[in-house]
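Position chain B against the provided structure of chain A, taking the given hints into account.
2 protein chains.
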Amino acid sequence: MSEAGTIAIDAMGGDIGPAMVVPSLDLIVARHPKWKILLFGDAAKIEPLLPRLRQARSAIEVRHCEVSIGMDDKPSQALRRGRGKSSMWQAIESVRSGDAQVALSAGNTGALMAMATVILRTMPGIKRPAIAAIWPTLKGESVVLDVGATIGADAEQLVNFAVMGEAMARSVFLLERPTVGLLNIGVEEVKGNEVVRDAGRILRQAKLPIEYYGFVEGDDMGKGTVDVVVTEGFTGNIALKTAEGTAKQLMTYLRSALKRTLLSQLGALLAWRAFEALRAKMDPRRHNGGVFLGLNGIVVKSHGATDDFGFAAAADLAIEMASNAVIEKIAADLAALDANLPAVSEEPAVEQI
Amino acid sequence: MSEAGTIAIDAMGGDIGPAMVVPSLDLIVARHPKWKILLFGDAAKIEPLLPRLRQARSAIEVRHCEVSIGMDDKPSQALRRGRGKSSMWQAIESVRSGDAQVALSAGNTGALMAMATVILRTMPGIKRPAIAAIWPTLKGESVVLDVGATIGADAEQLVNFAVMGEAMARSVFLLERPTVGLLNIGVEEVKGNEVVRDAGRILRQAKLPIEYYGFVEGDDMGKGTVDVVVTEGFTGNIALKTAEGTAKQLMTYLRSALKRTLLSQLGALLAWRAFEALRAKMDPRRHNGGVFLGLNGIVVKSHGATDDFGFAAAADLAIEMASNAVIEKIAADLAALDANLPAVSEEPAVEQI
Chain A
1 MSEAGTIAID AMGGDIGPAM VVPSLDLIVA RHPKWKILLF GDAAKIEPLL
51 PRLRQARSAI EVRHCEVSIG MDDKPSQALR RGRGKSSMWQ AIESVRSGDA
101 QVALSAGNTG ALMAMATVIL RTMPGIKRPA IAAIWPTLKG ESVVLDVGAT
151 IGADAEQLVN FAVMGEAMAR SVFLLERPTV GLLNIGVEEV KGNEVVRDAG
201 RILRQAKLPI EYYGFVEGDD MGKGTVDVVV TEGFTGNIAL KTAEGTAKQL
251 MTYLRSALKR TLLSQLGALL AWRAFEALRA KMDPRRHNGG VFLGLNGIVV
301 KSHGATDDFG FAAAADLAIE MASNAVIEKI AADLAALDAN LPAVSEEPAV
351 EQI
Chain B
1 MSEAGTIAID AMGGDIGPAM VVPSLDLIVA RHPKWKILLF GDAAKIEPLL
51 PRLRQARSAI EVRHCEVSIG MDDKPSQALR RGRGKSSMWQ AIESVRSGDA
101 QVALSAGNTG ALMAMATVIL RTMPGIKRPA IAAIWPTLKG ESVVLDVGAT
151 IGADAEQLVN FAVMGEAMAR SVFLLERPTV GLLNIGVEEV KGNEVVRDAG
201 RILRQAKLPI EYYGFVEGDD MGKGTVDVVV TEGFTGNIAL KTAEGTAKQL
251 MTYLRSALKR TLLSQLGALL AWRAFEALRA KMDPRRHNGG VFLGLNGIVV
301 KSHGATDDFG FAAAADLAIE MASNAVIEKI AADLAALDAN LPAVSEEPAV
351 EQI
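In order, the protein sequences belong to chains A and B. The opening residue of the first sequence carries number 1 in this note's numbering; numbering runs sequentially from there. The opening residue of the second sequence carries number 1 in this note's numbering; numbering runs sequentially from there.
Careful: at least some of the hints might be erroneous.
Copies of the same chain look alike in the list, so a pair counts if it fits in one copy or across any two.
As a list, the in silico PhoX-like pairs of lysine-lysine whose alpha-carbon atoms are at most 25 Å apart [unchecked claim]: (1) Lys191 <-> Lys74; (2) Lys223 <-> Lys259; (3) Lys139 <-> Lys259; (4) Lys191 <-> Lys207; (5) Lys127 <-> Lys281; (6) Lys259 <-> Lys248; (7) Lys329 <-> Lys207.
Note that these hints are calculated values from the structure, not bench results.
In isolation and in its complexed conformation, chain A is listed as follows:
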């Protein structure tokens, strides 16, 4: 359960829009009874679905919007067509105006990021926002960022991501001092490209209130070696999708191996609960939700192809973020970063090679 608040939800986002979003509202209200929901979208499509809700109706205020952003709209198109009047725009705008503490949409990522950046603006010192994902690990969960917002982030941006990811880990995992690692291709200081080495040097030398662990490698993410893994958006996106692909691959292997003989089918039947537990653990819906960090307000992106269960999980994440003052934490940390940045960060990294 969480303190009272209001979540703004774009009802039109996702592959099937309101047909997925509206049924999820019962789950969201059941878990967060003190929260109100501002639901933005086409009233003609939303209203007929509301009578099927069991308990959420009294928590919902529908705000009709004439325009919906398509899943394939380019960000520039979406901004042109959707400015002011689309459900996506208005959901984010309600965070800016203070009507809501957080916005959630399963709409297309590029459009959502473009609108969120235009409406909420980046925080002081932040050039571009990042998208943070929750990564299941052998120890629990980690925050991994950026998973695709800022392609080709420089060292300073990686340091900003570290600060923002750390604040998010404190808010979502309620850790006092989460550990932060930089994703690299080896753990020695000389490994990797210049951007990662420079970022590592800044994080070591700046007297930040951050528990900087050092470099981590690709397999450290599954191990949960650190609470926050920082990387540039291109690599982070590929790592995230590679992990998803590998998990699917193994579950497919497992299913087909268990079907091969009568004996293994019987075994699978007896071990049913174990497989259910595994399936639940690996369920991508449980880890649904990419958090946009670095803006003056919280926006969470749900997977477009998820169902009501997955959308409600993204709402959980959104509400946790809003309940734990993550923006204030990030702002304080960025101010501290600004005061503590070592001058050495401007020097070339030649002595490292």
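Frame of chain A; chain B shown alone:
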């Protein structure tokens, strides 16, 4: 079975050196009875292990080397200390001289790559070599390169990797026209960074004898969408280790889920063969071996922590590569590439944005 030939093996590489390498020779000779083995290393450490071999002895010629390269030696140290007289150097040198068709070492990657580049030199048109890995997929196997040799490869280098990976897929998978994809964060032409977009444009426009598929994403690797996945070394290394980490994570979940109740333990017992099949499929030893591509000779790097079974798998890969004239295929393709490169490759990619 494979045509006759000679494989040069560095007996001193790997975490335990000869104690792992020598026992593997029985496996290698059993699978490739027509092949000879030149075994380079400290005779005092190798000779006592030979009597335990069952059938390999007659295929082995030990060549004593006074120096062994350590697993933690820096490439520059290794070159200084190991030039001419180390087992690693001499194994590679035997490929250059023609005594062997391929060299295999479980020694440290940086040292092996540095020596291989100094001794064998890069092929005409190749600036830097790549390391190619065999990636298990739902459809079979793919070649993924580069997994860590060339950090920050440019568009032209990615195109070279495509050509080399395609030739390797023809040699190892015996495919006539393997499909080639560029790893990216989306499949649309405008996605990704400039390097990937430029490489995609060259591959589309150059009239190469290559089946270029287009962009693929991280989860396409596990699916086996294409036979060859091309990426820059930093991202490729992180993707590879992320997949390994995720696979380990799932196997750990599965084991602990199956141990939880008596019923699931019984189920696991009945489905024993299915789990064995899964374990075998996921066994990293089966996919052991990183192939150095782009040099005038083939060098294969085995994982340093593998056992005799894993080392023999790397030898299989090495012998397949050598048996199928991969260097000649690459040379022919690079010549074709040179003749067909579009002039447009020099232009900036602004119109794409």
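Worksheet entry | Structure versus earlier hints, numbers of those that do not hold, lowest first | 5
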